[in-house]
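For reference, the chains in residue letters:
There are 2 protein chains.
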Amino acid sequence: MTVKEVSKILKIPVSSLHYYENEKLINPKRDKNNYRIFAKEDIMKIKCILILKSFNFSIAKIRELVTLYETCDSSSESRTLAGEMFEEQISELERKKEEYTNLINLFKLILLFEKPKDGEEKEADKLIEKIYNTYIKKEGE
Amino acid sequence: MTVKEVSKILKIPVSSLHYYENEKLINPKRDKNNYRIFAKEDIMKIKCILILKSFNFSIAKIRELVTLYETCDSSSESRTLAGEMFEEQISELERKKEEYTNLINLFKLILLFEKPKDGEEKEADKLIEKIYNTYIKKEGE
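For the record, the sequence lines run as chains A and B. Note that the UniProt record's numbering gives residue 63 to position 63 of the first sequence, counting from 1, and the numbers run on in steps of one. Note that the UniProt record's numbering gives residue 88 to position 88 of the second sequence, counting from 1, and the numbers run on in steps of one.
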């Protein structure tokens, strides 16, 4: 596929494709006239880049992940290194996911309009405390 | 609790507390000297506001939810109205949560360094396609 075709299909400017190539995120082959030829794997990598960009990953982190995707290097050394590199990212994603789960539950509890029994704590209050303490509370100076 | 005490405990400026009051998100009582007195419910509401703010909810939406939290009005009319008001928010949160789940799975698949068998699609590719088609792909013009 030519750079124009890829640009059209993925609805991204040609300049973005050149940028990804300059940043060594993709490395399309060239034909005899030195025109870029994008293979299926290049398209996959670009889709992967677009996904990671939408999550605000840095170009450096995207490069690392795309390289792993490309090399499939399953030696235990690479595996350990990659595991360490992305442990933080995965924990952060798990944390965000948990945060959304908690907020969804809070909405549902508030929409129950539950009236607390005398002297008892509202269920919604317990969840507000939990979310506040986990995500919002600032560390003491 | 006084406005200064609340500001200290929640580590937010007094001006924020005044702003929330002006925006009718909270309505602390006054003592005989007209000083604001924050009850436990006010603190809960402020924590709830801080949580919703961290998710970039608009002041209008925060006001609606805090009012529901406050009134516990469980008449079927309010319940239906509130359900409709927040249906969209909850779906959006569910969508974001699903997005994080998919990205976590993608990371894990890429970190497996799986080599595809000849002629077979990589598992990671299937997931890239799915995430791309669901969240990134732009509508055709």
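Since the hints were made in silico from the structure, they are not lab data. Virtual Cβ for every residue (Gly too), placed ideally from N, Cα, C. Among the clues, some could well be false.
[Claimed, not checked] Here are the simulated DSS-like cross-link-like pairs (lysine-lysine), alpha carbons at most 27 Å apart as the crow flies:
1. LYS8(B) x LYS61(A)
2. LYS24(A) x LYS137(B)
3. LYS8(B) x LYS53(B)
4. LYS29(A) x LYS96(B)
5. LYS47(A) x LYS53(B)
6. LYS130(B) x LYS47(A)
7. LYS24(A) x LYS138(B)
8. LYS53(B) x LYS108(B)
9. LYS53(B) x LYS96(A)
[To be verified] Beyond 10 Å from chain B on every Cβ pair, some chain A residues (computed):
10. MET1
11. GLU21
12. ASN34
13. SER58
14. LYS97
15. THR101
16. GLU120
Verification of the hints:
no. : hint                 : result
1   : LYS8(B) x LYS61(A)   : violated, 38 Å
2   : LYS24(A) x LYS137(B) : holds, 23 Å
3   : LYS8(B) x LYS53(B)   : holds, 19 Å
4   : LYS29(A) x LYS96(B)  : violated, 36 Å
5   : LYS47(A) x LYS53(B)  : violated, 32 Å
6   : LYS130(B) x LYS47(A) : holds, 10 Å
7   : LYS24(A) x LYS138(B) : holds, 25 Å
8   : LYS53(B) x LYS108(B) : violated, 31 Å
9   : LYS53(B) x LYS96(A)  : holds, 15 Å
10  : MET1                 : holds, 16 Å
11  : GLU21                : holds, 19 Å
12  : ASN34                : holds, 28 Å
13  : SER58                : holds, 15 Å
14  : LYS97                : violated, 4 Å
15  : THR101               : violated, 6 Å
16  : GLU120               : holds, 13 Å
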